[in-house]
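Residue-level listing of the chains:
Number of protein chains: 2
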Amino acid sequence: MVGDVHRRIAREFGTPAVVIDLDVVERNIARVQAACDRAGLANRPHIKTHKIPALAMMQRAAGAKGITCQKLGEAEVMADAGLDDILISYNILGVEKVERLGALRRHVDIAVCADNPTVVDGLPRAAEIAGRPLPVLVECDTGRKRAGVETAAEAVELAGRIAASPGLEFAGFLMYPQETPASWAATQRFLDTALAGLRGGGLAPRIVSTGGTPNLASLGQLAGATEHRAGTYVFNDRMMMACGAATLADCALTVLSTVVSRAGPERGILDAGSKTLTADPGGGLDGYGLVLEHPEARIKAFAEEHGFLDLAACNDRPKVGDLVRVIPNHVCVVVNMVDRLIAVRGSEIVGEMPVAARGRIG
Amino acid sequence: MVGDVHRRIAREFGTPAVVIDLDVVERNIARVQAACDRAGLANRPHIKTHKIPALAMMQRAAGAKGITCQKLGEAEVMADAGLDDILISYNILGVEKVERLGALRRHVDIAVCADNPTVVDGLPRAAEIAGRPLPVLVECDTGRKRAGVETAAEAVELAGRIAASPGLEFAGFLMYPQETPASWAATQRFLDTALAGLRGGGLAPRIVSTGGTPNLASLGQLAGATEHRAGTYVFNDRMMMACGAATLADCALTVLSTVVSRAGPERGILDAGSKTLTADPGGGLDGYGLVLEHPEARIKAFAEEHGFLDLAACNDRPKVGDLVRVIPNHVCVVVNMVDRLIAVRGSEIVGEMPVAARGRIG
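Taken in order, these protein sequences are the chains called L and P.
Heads up: the first sequence begins at 25 in the numbering used here, then just goes up one per residue.
Heads up: the second sequence begins at 25 in the numbering used here, then just goes up one per residue.
In case anyone wonders, no lab produced these hints; they're calculated from the structure.
Keep in mind it's a predicted model, so treat the numbers as computed, not measured.
Treat each hint with caution, since some may be false.
[Claimed, not checked] Partner residues are not named here, just some residues of chain L that face chain P (Cβ under 7 Å, in silico):
no., residue
1, I33
2, R35
3, E174
4, E376
[To be verified] Residues of chain L placed beyond 12 Å of chain P at every Cβ, according to the derived structure:
no., residue
5, A54
6, G118
7, K121
8, D139
9, V143
10, I153
11, P157
12, G191
13, R230
14, M265
15, D274
16, P305
17, E329
18, R349
19, G370
20, G375
[Claimed, not checked] Pairwise CB distance ranges, derived in the manner of DEER restraints:
no., chain 1, residue 1, chain 2, residue 2, range
21, L, A187, P, E50, 50 to 58 Å
22, L, E290, P, A54, 40 to 48 Å
23, P, G375, L, R130, 54 to 62 Å
24, L, P205, P, G268, 32 to 40 Å
25, P, D340, L, A58, 48 to 56 Å
26, L, A228, P, L272, 23 to 31 Å
27, L, R369, P, G27, 16 to 24 Å
28, P, G155, L, K343, 29 to 37 Å
29, L, A220, P, G375, 24 to 32 Å
30, L, P305, P, D145, 32 to 40 Å
31, L, P141, P, D340, 48 to 56 Å
32, P, A54, L, D363, 29 to 37 Å
Quick reminder that beta carbons are idealized off the backbone N, C-alpha and C, glycines included.
Modelling step: build the complete structure from the supplied sequences, incorporating the hints.
Below is the structure:
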């Protein structure tokens with residue numbers, strides 16, 4: 025059964041409500057900062073998880089060197105709120121984006137990534153608008169097959185192209201190893217080969233950045249790394265628990281939901297559907313969330329405002345009107361669904377926190 | 025290759041941009057209104073698809089009797105914009121919601137649904153706040169196994185409970201048959217049995233409401249039906265095409281996206297990821313969207329701001345910087361991701377339309 029604070033949230037704000045516990049958030053921030061400090065790496069948390077300037081400020085106050093954003097709209101909101109030293113881990117492309125980037129670069133310490141010549145060739149215009157150099161990192165793929173050049177030779181070539189472009193500064197390499205020793209070893213070989221290749225041209229990376237909350241367990245394993253970008257750790261979720269990167273006590277965010285229907289003995293409906301919890305499968309998890317009050321319940325499917333509960337395995341089944349808390353599969357996409365989070369500290373309601381950087385085009 | 029209007033949208037608004045063509049929207053609205061008229065049914069479009077008062081006004085102007093909302097927050101926004109005759113096809117439950125419902129009912133012609141006694145027993149408080157009766161429909165499940173009582177006997181019992189509750193008016197039955205002749209036949213048996221059961225108590229439904237865009241093909245098949253609720257038809261999507269409820273020419277909404285990376289010959293990355301297109305599987309479709317300029321491309325997976333393209337089957341493969349239009353699997357959840365849509369009429373940009381009713385808690 026949910027506690028008194030959650031009944032008060034339902035009474036005051038209604039459900040479904042996305043609730044964060046700032047005490048847990050602070051513990052998560054402190055733990056990851058300490059891990060980066062121990063490894064001798066700068067901490068550059070990825071704010072795509074929370075999109076809230078006040079939380080980025082807490083990460084900075086705890087010792088983070090700067091922040092990571094995944095799109096320009098996020099960086100603009102963070103910069104407006106006074107955050108500086110921003111890395112956008114994305115290819116910024118197209119006249120509209122390049123012009124916005126240039127305007128932002130005028131007054132903000134910001135760097136971007138590129139994994140191909142077309143992106144590099146568009147960026148000098150941003151530096152021109154800014155009136156000062158733009159740092160650019162080469163994004164490198166070391167096995168994950170998402171963004172990033174696939175070979176060290178391409179990385180070296182692209183670094184040279186950046187260095188030779190008017191207004192651009194080659195700033196380093198951005199990497200996102202998979203969560204395996206083999207991938208970290210491959211990342212080391214990639215980096216060592218790229219560094220050797222750079223020497224001939226007199227270039228050297230100022231930044232070698234790794235990423236990912238699950239990869240926090242591997243901090244310090246990449247010789248030459250200078251910083252780490254983790255995002256999800258600030259709240260954690262069912263995926264982070266599944267991979268061992270978090271415990272239940274580390275989960276700062278729950279979706280407070282009401283059981284609105286119990287049309288059959290083995291089924292029920294939550295008022296949190298795909299427009300709240302999202303259909304994110306969490307990398308193959310069973311169901312769409314963990315119901316803390318009924319862990320044997322399975323959120324088996326969604327309508328937009330319905331979360332369909334399979335209660336067959338539950339001895340204790342919820343009644344219509346019961347409140348439950350759900351740990352979502354993937355917390356980053358859930359925060360992106362709502363305009364504000366409800367913040368608590370243990371049993372005290374702190375208030376609403378606007379998700380200021382959500383809803384931006386690019 | 026995308027046309028000039030899409031290049032201008034990218035230039036002015038950036039990507040990913042969610043674009044609707046109002047000419048297609050108007051055709052869709054007129055076609056479905058005509059279908060309801062032909063069947064002698066009132067048209068009560070479900071606004072959860074667009075969440076935009078101006079589009080609801082277009083639906084009303086074309087002949088819709090009223091609108092359907094899936095949550096109170098949507099109804100509040102629509103009522104504020106001047107929409108009346110609103111049906112919330114949902115169990116409204118909990119003190120916070122019941123009080124908001126009562127406040128709304130003071131000045132708006134609004135009805136709600138119930139599928140269980142707990143919900144019914146909470147609603148008299150809303151009527152009391154409103155100072156006038158609240159119409160309540162019994163939601164009936166006729167095989168879909170989502171919300172709704174499972175038997176006609178339960179429907180009759182709940183109708184009696186509503187009629188006997190202070191301030192509540194039994195208004196009718198809400199149904200959502202599956203898209204099969206067998207389900208429509210089962211719905212007819214359910215309704216006939218419920219109607220027979222009601223006669224003893226002197227009750228009769230004022231409204232018998234069916235729903236769903238795919239079910240537009242079955243309009244007129246339920247004797248006793250008075251109205252139909254369809255939502256998705258206003259924009260349509262890949263799911264509607266897959267089930268035959270729409271053609272490509274009926275799809276009014278596309279997500280304009282930029283190819284930001286081509287790290288390997290058989291793969292590419294769009295700037296529309298799970299935070300734009302959503303991970304909605306569209307009821308088992310292959311991939312997460314139809315790329316109009318490269319229909320052989322498969323959007324095979326997402327990161328939050330990355331749409332991963334499998335280009336193996338493409339003879340003509342996109343370059344970095346190319347613009348493409350994506351028809352999403354499920355349009356209703358995509359609209360819910362963004363604060364505004366970009367409206368066009370053919371090759372003319374009309375402007376931005378705020379998605380006014382998104383982001384509400386419940």
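Q) Beyond 12 Å from chain P, beta-carbon-wise, is L/M265? A) Correct as stated: the minimum Cβ-Cβ distance to chain P is 19 Å, above 12 Å.
Q: Determine whether the non-interface label on L/R230 survives the test: each CB of chain P must be over 12 Å from its CB.
A: Its Cβ never comes within 12 Å of chain P, the nearest being 23 Å, so this holds.
Q: Report holds if the minimum CB distance from L/I153 to chain P is greater than 12 Å, and violated otherwise.
A: 16 Å, holds
Q) Would you say the C-beta atoms of P/G375 and L/R130 sit inside 54 to 62 Å of each other? A) 29 Å, violated
Q. Are all beta-carbon distances from L/G191 to chain P longer than 12 Å?
A. The assertion about L/G191 holds, with a minimum of 19 Å to chain P.
Q. Non-interface claim for L/P157: all C-beta distances to chain P beyond 12 Å?
A. About 23 Å separates L/P157 from the closest Cβ of chain P, which puts it past 12 Å; holds.
Q.
Using Cβ atoms and 12 Å as the threshold, tell me whether L/K121 really stays out of contact range of chain P.
A. Check fails; 6 Å does not lie beyond 12 Å.
Q.
Holds or violated: the 40 to 48 Å window for the beta-carbon distance between L/E290 and P/A54?
A. Once the Cβ atoms are compared, 44 Å apart, the range 40 to 48 Å for P/A54 and L/E290 holds.
Q. Regarding the hint that L/E376 lies at the interface with chain P, is the smallest CB-CB distance below 7 Å?
A. 10 Å, violated
Q) Regarding L/P141 and P/D340, is the given constraint of 48 to 56 Å on their beta-carbon distance met? A) Since the Cβ atoms of L/P141 and P/D340 sit about 21 Å apart, the hinted range of 48 to 56 Å is violated.
Q) Regarding the assertion that L/R349 does not contact chain P, is the least Cβ-Cβ distance greater than 12 Å? A) Given that every Cβ of chain P is farther than 12 Å from that of L/R349, nearest at about 15 Å, it holds.
Q) Does the hinted range 24 to 32 Å hold for L/A220 and P/G375 at CB? A) 54 Å, violated
In the structure shown, a violation is registered for the earlier hints numbered 1, 4, 6, 7, 8, 9, 16, 17, 23, 24, 26, 27, 29 and 31, in ascending order.
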